[in-house]
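J.: Here's the letter readout for the chains.
Number of protein chains: 2
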Amino acid sequence: MTLEEIARLAGCSRSTVSRVINHDPNVRAETRERVWRIIKEQDFQPNLAARALAGRRSRVIGLVIPQPLSTIFTDPFFSMLIHGCALACDERGYYLMLSLVLRQANDTYHWLIRARHLDGLLLAPPLINDPFVPHLLDKRLPLVMIGRIPGRTDISTVNIDNIKGASLATQHLLKLGYTRIATITGALNLVGALDRLEGYLCALREAGIEPPSEYIQEGDWSEASGRRAMECLLQATPPPEAVFAASDSMAIGAMKAIQAAGLMVPNDIAVVGFDDMPVAATVDPPLTTVHHPIERIGFLAASMLIEKLETPPTQASWANVQHIVLPARLVIRMSCGQALRCSAHPTDV
Amino acid sequence: MTLEEIARLAGCSRSTVSRVINHDPNVRAETRERVWRIIKEQDFQPNLAARALAGRRSRVIGLVIPQPLSTIFTDPFFSMLIHGCALACDERGYYLMLSLVLRQANDTYHWLIRARHLDGLLLAPPLINDPFVPHLLDKRLPLVMIGRIPGRTDISTVNIDNIKGASLATQHLLKLGYTRIATITGALNLVGALDRLEGYLCALREAGIEPPSEYIQEGDWSEASGRRAMECLLQATPPPEAVFAASDSMAIGAMKAIQAAGLMVPNDIAVVGFDDMPVAATVDPPLTTVHHPIERIGFLAASMLIEKLETPPTQASWANVQHIVLPARLVIRMSCGQALRCSAHPTDV
DNA sequence: TTGAAAGCGCTAACAA
DNA sequence: TTGTTAGCGCTTTCAA
Chain A
1 MTLEEIARLA GCSRSTVSRV INHDPNVRAE TRERVWRIIK EQDFQPNLAA RALAGRRSRV
61 IGLVIPQPLS TIFTDPFFSM LIHGCALACD ERGYYLMLSL VLRQANDTYH WLIRARHLDG
121 LLLAPPLIND PFVPHLLDKR LPLVMIGRIP GRTDISTVNI DNIKGASLAT QHLLKLGYTR
181 IATITGALNL VGALDRLEGY LCALREAGIE PPSEYIQEGD WSEASGRRAM ECLLQATPPP
241 EAVFAASDSM AIGAMKAIQA AGLMVPNDIA VVGFDDMPVA ATVDPPLTTV HHPIERIGFL
301 AASMLIEKLE TPPTQASWAN VQHIVLPARL VIRMSCGQAL RCSAHPTDV
Chain B
1 MTLEEIARLA GCSRSTVSRV INHDPNVRAE TRERVWRIIK EQDFQPNLAA RALAGRRSRV
61 IGLVIPQPLS TIFTDPFFSM LIHGCALACD ERGYYLMLSL VLRQANDTYH WLIRARHLDG
121 LLLAPPLIND PFVPHLLDKR LPLVMIGRIP GRTDISTVNI DNIKGASLAT QHLLKLGYTR
181 IATITGALNL VGALDRLEGY LCALREAGIE PPSEYIQEGD WSEASGRRAM ECLLQATPPP
241 EAVFAASDSM AIGAMKAIQA AGLMVPNDIA VVGFDDMPVA ATVDPPLTTV HHPIERIGFL
301 AASMLIEKLE TPPTQASWAN VQHIVLPARL VIRMSCGQAL RCSAHPTDV
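Quick mapping for you: the protein sequence lines, in order, are chains A and B. This note's numbering applies: residue 1 is where the first sequence begins, and numbers increase by one. This note's numbering applies: residue 1 is where the second sequence begins, and numbers increase by one.
Be a bit skeptical, because a hint or two may be false.
[What the hints assert, rightly or not] Below, computed lysine-lysine pairings styled on DSSO-like, alpha-carbon distance capped at 30 Å:
1) K175(B) to K164(B)
2) K256(A) to K256(B)
3) K40(A) to K256(B)
4) K139(A) to K40(B)
5) K164(A) to K256(A)
6) K256(B) to K175(B)
7) K256(A) to K175(A)
8) K139(B) to K308(B)
9) K256(B) to K164(B)
No lab work stands behind these hints: they were computed from the structure.
Produce the entire structure from the sequences given, and follow the hints as far as they go.
T.: Next comes the structure, spelled out in structure tokens:
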């Protein structure tokens, strides 16, 4: 079944059928309906390869996550992010292709891009000084980044307000009266981890507190790393009264370390997380954490990229650059002691 | 850069360049080398859409996992499976497209298949009586299944020996002298779960033991379900001395329930798992479990599908059907009591 | 061993 | 509003 055959059945030309399929408004309503009816009747689907060849676009966008496969497929964060991206693509008739970067990222993408297989790229979340990024820009391939990249304002980004989120978490601890507040950071080669650290530091400094360096422990987002970091913090003298972990997984690891040391959360040490993953609500005690709309970030990033792809480059390309920052908010549960109401919807999920 | 331009630079025709790229032996060695040199020099990649259109194949194969996204992206089992599939595709110049089935599975696949975007499909692991399967066969789309499907010998499959694996685990418990052996099954709408249950039952019956029905608890592979199932088992009178869980996640959940009840593993209750996930080696106590080559299964399934795609259908199609069953083996660690050596390589991972 | 030529099924500019 | 036409870049006979 081809356009030509549909055209014959509908008594019109191939072009008209093509116009109908591509929602060209320049088709008489009556003709449009007749053609659609035939298309449905015949259960016709246009050949993607032919469309891609003639139209010079594949309607496939790539999602690159520069992390090992085992991380991507284990951390629920990525599951939600991907879901959001996929929803946006689905809605607008695009396909999302996950980058399963097995060889050198450069090689694989170089290959897909040069082969014209991808119309655009989502990059999430980029490592600091990722050598891949300039590479991609050289190819003049439309790109939207999830997470910001310092010092580059020429790339569109969708991001959450990590600094503000971390501040909220830390301020919450301060309000509860804690002053010896430590942090477990994410992998510090990611901008998000640096931003969350900065938010923590800002909040403390505003309160006139300068944390000792041993109160800042680097993790890698994983539960195991949170546990290890907490074990170090327990050695500090004096040990902290409260800990802000830059991810829920690390917060949970920290809680386990605290409990393994025979101490209680929050009575002996209070813990706040970040991300508001589903588990945060079900651990014991339920984790106070910073909520942000992960799925929505993916959705927006993909939508923004598609928008870019479908906008003719009439304006200078720099004029199309956008930076979206979505707010984060605190969700207060039980892991920090008495639950003050600091937010309009403190228990939302 | 197109074939035509390469041809011009190499002083030959478009056809010759095409032959070189497609490894057609009917090209003089000298010509071949000259053309390859130019291709490398120019960093040329043939346009995928054009190849797909002219060649009537896309070199894209789909991987359908009929599970919610959140499961796919959380269970490390799928991460390994996907990795294996991706490796095989990569090696043979194919692309793996993960099915992000958001709408009705039927719709999405129907669409991709009819649009000629997929050359073939990997289906892993199918639900019992999945209505999707006959649908796909009707389309005469090459299909390889990961896991077996009872009562259909006309579809090629790659599977592990679940029955044997479960028997090994149960026999190990029997050899250690336990007789009150319970099981926590996987989701019983999956063949793999039924097979593991059967292996457990066979081993017990061979030993002349018929487990009471309350010793058989259904889980859904998740840690939480394992925990819940174990809580039920602890209520049984008498409670079991040992438990075979059909996945490591459920085994770990069961261990937590045992510990939460103030009992010890293995002193009070022994536990065996299945899958030999990375965590199995690191939990406390390290988990005795059944190892099987997940990544290799994915690799074989994809290789088999590609082989099928590249074999001209000269023989009757049923003659091409293959059923590969890979062996599973027991890995003995600490969760069952004294470690007898029951396997040639008991501690391999 | 090589080249010429005819498509693959669609899009999009142009003409009517 | 519709049809005509010329490709998109490749594969694949068929001839030479």
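J.: Give a verdict on every hint.
T.: Each hint tested on the structure:
no.	hint	in the structure
1	K175(B) to K164(B)	holds (16 Å)
2	K256(A) to K256(B)	holds (13 Å)
3	K40(A) to K256(B)	violated (55 Å)
4	K139(A) to K40(B)	holds (18 Å)
5	K164(A) to K256(A)	holds (27 Å)
6	K256(B) to K175(B)	holds (25 Å)
7	K256(A) to K175(A)	holds (25 Å)
8	K139(B) to K308(B)	holds (16 Å)
9	K256(B) to K164(B)	holds (27 Å)
When the structure is compared with the earlier hints, a violation turns up for hint 3 alone.
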